[in-house]
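Asker: Using the hints provided, position chain B relative to the given structure of chain A.
There are 2 protein chains.
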Amino acid sequence: MAPPMFSFEVTKKCPQTKARTGRMKTSHGEIVTPVFMPVGTQGTVKAMLPEELVDLGAEIVLGNTYHLSLRPGHETIKKLGGLHKFMNWSRPILTDSGGFQIFSLGKPGLGDKKEDAGIISVKLKEDGVEFQSPIDGGIKHFLSPESALEIQEALGSDIMMVLDECLHAEADETTTRKSMELSLRWADRCLKARKTDNALFAIVQGGMFKNLRKEYIERISAPPTHERTKARTHQYNGYAIGGLSVGEPNEVMYDITNYCTNLLPIDKPRYLMGVGTPEDLLECIERGIDMFDCVMPSRSGRTGQLHTSHGDLAVKNAQYKDDPNPPDRDCACYTCRNYSMAYIRHMFMCNEILGARLATIHNLHFYLNLIRMARSNINNGKFLEFKREFTERREK
Amino acid sequence: MAPPMFSFEVTKKCPQTKARTGRMKTSHGEIVTPVFMPVGTQGTVKAMLPEELVDLGAEIVLGNTYHLSLRPGHETIKKLGGLHKFMNWSRPILTDSGGFQIFSLGKPGLGDKKEDAGIISVKLKEDGVEFQSPIDGGIKHFLSPESALEIQEALGSDIMMVLDECLHAEADETTTRKSMELSLRWADRCLKARKTDNALFAIVQGGMFKNLRKEYIERISAPPTHERTKARTHQYNGYAIGGLSVGEPNEVMYDITNYCTNLLPIDKPRYLMGVGTPEDLLECIERGIDMFDCVMPSRSGRTGQLHTSHGDLAVKNAQYKDDPNPPDRDCACYTCRNYSMAYIRHMFMCNEILGARLATIHNLHFYLNLIRMARSNINNGKFLEFKREFTERREK
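Residue numbers (numbering that gives the first Met the number 0), protein chains in the order written: chain A, 0 to 395; chain B, 0 to 395.
Only chain A is shown next, with the shape it has when bound in the complex (with noise of 0.2 Å):
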């Protein structure tokens, strides 16, 4: 039998809290935890070519299933032989499944419109969600838990996601119990389905409700009933947890989150979706986050706000016209090393593409180092000492 084409362990755990580091295989090779995935949405890592991505050391993107099979098309791409051919990038990727950007952008306000096109229709039903997007001029489109499998093995991703239905912060406990039924049956569907070796993660939903998050991972983390998936390629390799970073608190998100890595197996990775800020990756790491994407960094870099460690600036601001300092003195990245705050502004007040590509740079060489401080914080012991120094410094 050949080797699994996923696996994961837990290599060290913090003393004092709940992170951990952990060493996952993929079919593109190994991740070491917590990892933070920059986002891919329409195959590139905006403004960045993958060898810029290596350099700042990434390990793994997001690829977006909805984008890419709107847009060339998941059969264009597995023509071109793969997502990872096409967009020049060699390293593992991690697809979602399509759903949240369909429901985001089908309920205002649950998603970030700007970048994405506008709105579309949405129609939810049993069997799967029926959409039109202003991308392809509006062609109706299905999307079902089996073809969200086939669209993210199309790509040829190395961990693939369940679709799920996602609600808003808001939702009532009635509508988020119906709504995670159906998420339970689609997850279930998404395993039946997958045809390929690569890994899936399921995704736990139950809103803001403490009892419905409980009863999904019982429900999600049960030994497979049914013949077909009890195989070994018939389990969920990992577990997101989905639902959050849609507009509730962050003490609820950091509440939730806790409460769900306090349930989920300690031996498969923990993805927190969609999440977050500097101090949010801190914080769900103690609470024992193993994986984060967000589109922060590039995304706010692309408007000129820079992460730095004594804080966020706009560095369009009037005040940093003449400044000859690079965007943090303790930053090593080619950005930092390279150019002066006025300089960077000047781009800004330009349009200069290498506006967004110098903001770009440092923001996610932030974010990455970031994760690469507190993976050899847990390694040391050291983890609640490096984090509240870096909360601290910030919030001066």
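Mixed in with the good hints there might be a few duds.
When the alpha-carbon atoms are kept at most 30 Å apart in a straight line, the in silico DSSO-like pairs for lysine-lysine are as follows [to be verified]: (1) B:K395 with B:K381; (2) A:K320 with B:K139; (3) B:K315 with A:K139; (4) B:K139 with A:K315; (5) B:K122 with B:K191; (6) B:K320 with A:K84; (7) A:K267 with A:K194; (8) A:K124 with A:K213; (9) A:K139 with B:K320; (10) A:K77 with B:K315.
Treat the hints as calculated values from the structure; they're not laboratory data.
Answerer: Same frame as chain A, now just chain B:
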């Protein structure tokens, strides 16, 4: 006495044509000619990092006095250590005088306004030119021959240009003569105003009139008469040909270029401003030009036009949707080594920054490689053969 900051020598002459190779020394290092200078209008060659330009073999870039003096301001750049430090570029920089932008923005049709933030009001006076620009909200500015030099010296330019008036291709002989007399007086004032040892180039005007071009060259290259200009630092270090590529037919441009290089001193570099297509470069190298600048490779790159050895391609065309081939199979650039037409097209369809980057890398490589091949074929005595093969292949 310190060695001169600038020198030029012809190293090889083509036996059949006026094509020649040369070596130019500047305060920021040596350049071999013929040379193509990527345009860095706002202190950045659009979409590119300086290191990427070095990788592509760029030896010198052009900076725009007009743009940089308005934003962020030459005083700001001087305070920050000069343009080289500001933009993180350690190789030579040539700056224009600002005249071309002011006149072209004030005379719709002469220049390309797309990237230049709109129309400005322009008033020509004996002393210089008064103008307003939307870049800084319409503040009144005055650019004189003296201030054009002062700005370029503040930027730390290695090769400065005199201030001149620029005309349309349609200007009649009376208008052209009047303008030429003014440009000659301004050139003389620039020569006297020069404070540093960095190179200063004259600009040959005279429009489409050979008699005026001849007179201009005779008068501008005549030995200086006034005392100050007898010193080494008060002579022109090279000659630009201005007032071409402003709407005249290609053949006229080639003919005037050829006429001018017959008359210009053999031992000084000749720079044809704002030219041109790949074919233009070879035609004008053949006619004795040493230096070129043009926004074409970077600008057309950003709109998805790719220059290749088998002609120019519009990457957005539907025919490339599934095309697994690189833009140019015979091209060794980063883009062609790593990406398909399908991927580059996808980047453009999604308005991704990476599209502009990949296309700019390819196009600049194409231009810089063309220049390298021209040089080596001049050195090998095979320039005409090379030119014929290159042109035929692109025409197919």
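Asker: Take the hints in turn and mark each one as holding or not.
Answerer: Checked hints:
1. With a C-alpha separation of about 22 Å, the suggested pair K395 (chain B) and K381 (chain B) falls inside the 30 Å cut-off, and the hint holds.
2. For a cut-off of 30 Å, the pair hint linking K320 (chain A) to K139 (chain B) stands: about 21 Å separates their Cα positions.
3. Under the criterion of a C-alpha separation no larger than 30 Å, the hint pairing K315 (chain B) with K139 (chain A) is consistent with the structure, at around 24 Å.
4. Distance check on the hinted pair: K139 (chain B) and K315 (chain A) sit about 24 Å apart at the alpha-carbon level, within 30 Å; holds.
5. About 24 Å separates the Cα atoms of K122 (chain B) and K191 (chain B), which keeps this hinted pair within 30 Å; it holds.
6. Straight-line distance between C-alpha atoms of K320 (chain B) and K84 (chain A) comes to about 16 Å, which keeps the hinted pair within the 30 Å bound.
7. This hinted pair checks out: K267 (chain A) and K194 (chain A) have alpha carbons roughly 21 Å apart, not beyond 30 Å.
8. Of the supplied pair hints, the one linking K124 (chain A) and K213 (chain A) holds, its CA atoms being roughly 25 Å apart against a limit of 30 Å.
9. A C-alpha spacing of about 21 Å is found between K139 (chain A) and K320 (chain B), which places the hinted pair at or below 30 Å, so the restraint holds.
10. Between K77 (chain A) and K315 (chain B), the direct Cα distance comes to roughly 20 Å. Compliance with the 30 Å bound is thereby established for this hinted pair.
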